[in-house]
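Student: The chain contents come next:
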Amino acid sequence: MRNFIKWITSAKVNKVLCIITFMFVPLALLTVFTYIPFGKMVGFSFYDMKYIGDKEFVGMQNYAEVFSRDDCFKALKLSLYYIVASFVQLGLALYFATLLSFKTKVGGLFKGLMFFPYLVCGIAVGFIFKFFYTRGFVLDTVLQWCGFNLDNLPYWLKDTSINNISVAATSVWRYMGQNMVLFIGAIMSVDAEMYEAAAIDGAGGWQKFRYIIFPSISTIIVLNLILAITGSLSVFEPPYVITGGNFGTGTYFVIMDRLAHSSQKVGLASAMAIVLLIIILIATLLQKLFFRYFIGEGDQEAIRAVRKRKKREALAAAGNGGVQS
Amino acid sequence: MRKNVKRLLALTLTGAMTLSLAGCGSKDEGGGDSKKDDEEFSLTMDQIKLGEDYTDVKADLKFLTHKTDVIDTTFKEYISEFQKLYPNINIEYEGITDYSNDITTRLSTGDWGDICMIPTTVDKDELGTYFVKLGDQSKLGETYVSDWLNNFTYQGTVYGVPSMVNAQGIVYNKKVFEEAGVTEVPKTPEDFLAALKKIKDNKKATPLYTNFAADWTMNAWDAYLSASTGDADFMNSGLTKGKEPFTDRGDGTGPFAVYNILYEAVKQGLTEEDPTTTDWEGSKPMINKGEIGCMVLGSWAFVQMRDAGDNGDDIAYMPFPISVNGKQYASVGPDYCYGINTNSSKDQKIAAMCYVKWLVEESGFAGGEGGLSVVQGDALPDALASFGDVELLVDNPAPEGEENLFNDINNDSELGINVSGVIPKAVLEAATQKSATMEDLSKEWNEKWTTAQQNNGVE
Chain A
1 MRNFIKWITS
11 AKVNKVLCII
21 TFMFVPLALL
31 TVFTYIPFGK
41 MVGFSFYDMK
51 YIGDKEFVGM
61 QNYAEVFSRD
71 DCFKALKLSL
81 YYIVASFVQL
91 GLALYFATLL
101 SFKTKVGGLF
111 KGLMFFPYLV
121 CGIAVGFIFK
131 FFYTRGFVLD
141 TVLQWCGFNL
151 DNLPYWLKDT
161 SINNISVAAT
171 SVWRYMGQNM
181 VLFIGAIMSV
191 DAEMYEAAAI
201 DGAGGWQKFR
211 YIIFPSISTI
221 IVLNLILAIT
231 GSLSVFEPPY
241 VITGGNFGTG
251 TYFVIMDRLA
261 HSSQKVGLAS
271 AMAIVLLIII
281 LIATLLQKLF
291 FRYFIGEGDQ
301 EAIRAVRKRK
311 KREALAAAGN
321 GGVQS
Chain B
1 MRKNVKRLLA
11 LTLTGAMTLS
21 LAGCGSKDEG
31 GGDSKKDDEE
41 FSLTMDQIKL
51 GEDYTDVKAD
61 LKFLTHKTDV
71 IDTTFKEYIS
81 EFQKLYPNIN
91 IEYEGITDYS
101 NDITTRLSTG
111 DWGDICMIPT
121 TVDKDELGTY
131 FVKLGDQSKL
141 GETYVSDWLN
151 NFTYQGTVYG
161 VPSMVNAQGI
171 VYNKKVFEEA
181 GVTEVPKTPE
191 DFLAALKKIK
201 DNKKATPLYT
211 NFAADWTMNA
221 WDAYLSASTG
231 DADFMNSGLT
241 KGKEPFTDRG
251 DGTGPFAVYN
261 ILYEAVKQGL
271 TEEDPTTTDW
281 EGSKPMINKG
291 EIGCMVLGSW
301 AFVQMRDAGD
311 NGDDIAYMPF
321 PISVNGKQYA
331 SVGPDYCYGI
341 NTNSSKDQKI
351 AAMCYVKWLV
361 EESGFAGGEG
371 GLSVVQGDAL
381 PDALASFGDV
391 ELLVDNPAPE
401 GEENLFNDIN
411 NDSELGINVS
421 GVIPKAVLEA
431 ATQKSATMED
441 LSKEWNEKWT
451 TAQQNNGVE
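As you go down the protein sequences, you meet chains A and B in turn.
The first sequence lines up with residues 1 to 325 when you count with this note's numbering.
The second sequence lines up with residues 1 to 459 when you count with this note's numbering.
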């Protein structure tokens, strides 16, 4: 008994116990609400099943169908709109973050105002924009003030040439502020003396941004970019709420929802979800490799830069050798 | 020592967590147990005499409903009325906004309450696993209209009784039609489109408002298929086994004609300008005020449109403008049906059955909502007063062994007939963008439908 108490109070065991007890709650929640449902979904994807009733094991047939249907991957093309939108969003966020991290009048107010949309729930954002885009409502009125004629304006959600842009714009509006706040946080961590030193050397605003801010926060930019692109592949709320996925705005997730809920093809929809997961994993991996090569990660230098330097050194060494001989 | 206490506390807490998680699991098994005593439960609705039998039953009931708008008003009154007869039965309503989607998921858990409105997604042979037998169709058919019990009857056993029965026609503003010079109610697609054209030329109202953005409203178009053929067997045999049922019949009847009305109306600009931003709640006062000519919705909509403003007298209801051999039909079909959970306790089942019987026979719910009552001999609602020589058409049940056939083909084809309105939505989109003709569309539906038929063993 004494041995047991001694064993259990010993520093090493103690540490492990501590870790286990503290990790238990989050791990239990994670398991119950993420891993078990996910495992179930993987199981579903091998069955021909509805929500209720018998299910029948069909092996890989659902996966084969995902690849042979023309609507699944056509829907994935819509992600391009959202990827472009996410570049715009990050660009704007970076711009405002740089402006607001220097002394600006009422900067706090601007930060608050721009961050606010992120706090509104996605469904509410959808309803707001449904009215925003309604013929003759907010957007049309504002544009008419600017001198546009209502007859020349498109139907923002009906015109297939523009409705995907309209819908993607709502997610720019919503997430720009959040990106901006993250960027401001990163910029704050840059040593102020560097700006002074740069100023003494005669650097302008753009040069400060290009040579001080950008390299210092490249990690967080890359992170946001990866999140934005993977998010673009799995867009659901804006098209679901604003257009219901009609008029060619049905993204991959909206199609999946339709199959699962309207046509009761739960197995097929599960398979779609897993295919998308794999696509996202591949996309993330490619992006990571890309950034590691061109920009570098954390303290690590970019592979391209390392290669260039080595090449230069090798050349220089060869050159020196030539002189010596 | 204090450290030890803390550690112990932490361990106890985590232990409690695990136990409570395990508790979730064992509750399900409890549900399974009460299923066993279901075999002894043999009470049916026809055996109950309201106000005389079981007045001392004590039970708390949970009622899942799609009627979120009247939970705090009409349903409260129902409960207090009902409790005059059954003082010990408490009923709690839970409203679900996205009912048709959520209820299926809820049902699959087994632990959802005691009474619900049965969703159409439950296959007939599954009814017994989720719902209590309410009676035999032959017995219940003595007091209720037997045909209207078909929807949730499997092999002669009734599992769901309709809360009300809808007739399918078109709700319209009489004044708008008359002011535009339409004096006679149109009876054919051509006359109907001509009437809409006149309203458009009169320039005061949107002739036909589709409510496209609300989504579920588009579903209504699927409800006219059997009336468009005048054949009570169409849904469960003509459509499921017929060859290429969406082909143009050329005589202004059949599914093609139904959807073609929508197609032509949209193409000729007789519907709202921007279907993507329509507003369901806003459309009610609009038709009441005369800003909308008509809407294609079941008879339940009549009451809502009439009560949405001061011009209730202008609102009227007409049969769908398709005539088969000079005769017009209106399909009549049950709205949501009441079903009782098989996993409830015996007392709860008895109490629930009393309440359902009371709702169907005494509450006046159907009349108040503008529907027909399932009870034989109850009066026709105001909406249908003008239907005159229109024949009410009730779908015949599917032949034995083919009860699931329609659902199976429908799901497989992804056309979502009466479920998600895929066809009418596609029609509207194609007509708006002029991206496909009705011939293209019907060919596509035929292909999907035929493939699904083959997958489900229909030659």
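None of these hints come from the bench; they were simulated from the model.
Don't take each hint at face value.
Which bits of chain B does chain A cover? Going by a derived footprint, with three or more residues having C-beta under 8 Å, they are [to be verified]:
| # | stretch |
| --- | --- |
| 1 | 101–113 |
| 2 | 288–300 |
| 3 | 341–349 |
| 4 | 406–419 |
Computed cross-link-like contacts, PhoX-like style, restricted to lysine-lysine with a CA-CA straight-line distance of at most 25 Å [said to hold, decoys possible]:
| # | chain 1 | residue 1 | chain 2 | residue 2 |
| --- | --- | --- | --- | --- |
| 5 | A | K55 | B | K448 |
| 6 | B | K49 | A | K130 |
| 7 | B | K267 | B | K243 |
| 8 | B | K124 | A | K77 |
| 9 | B | K267 | B | K200 |
| 10 | B | K174 | B | K139 |
| 11 | B | K284 | A | K130 |
| 12 | A | K77 | B | K174 |
| 13 | B | K243 | B | K203 |
| 14 | B | K175 | B | K133 |
| 15 | B | K62 | B | K133 |
| 16 | A | K74 | B | K62 |
| 17 | A | K55 | B | K124 |
| 18 | A | K74 | B | K443 |
| 19 | B | K203 | B | K76 |
| 20 | B | K133 | A | K74 |
| 21 | B | K434 | A | K130 |
As the structure is a prediction and not an experimental result, all values here were calculated from the model.
The C-beta atom is built at its ideal place from N, Cα and C for all residues, glycine as well.
Student: Hints broken by the structure, by number, lowest first?
Tutor: 2, 3, 6, 7, 8, 10, 12, 13, 14, 16, 19, 20
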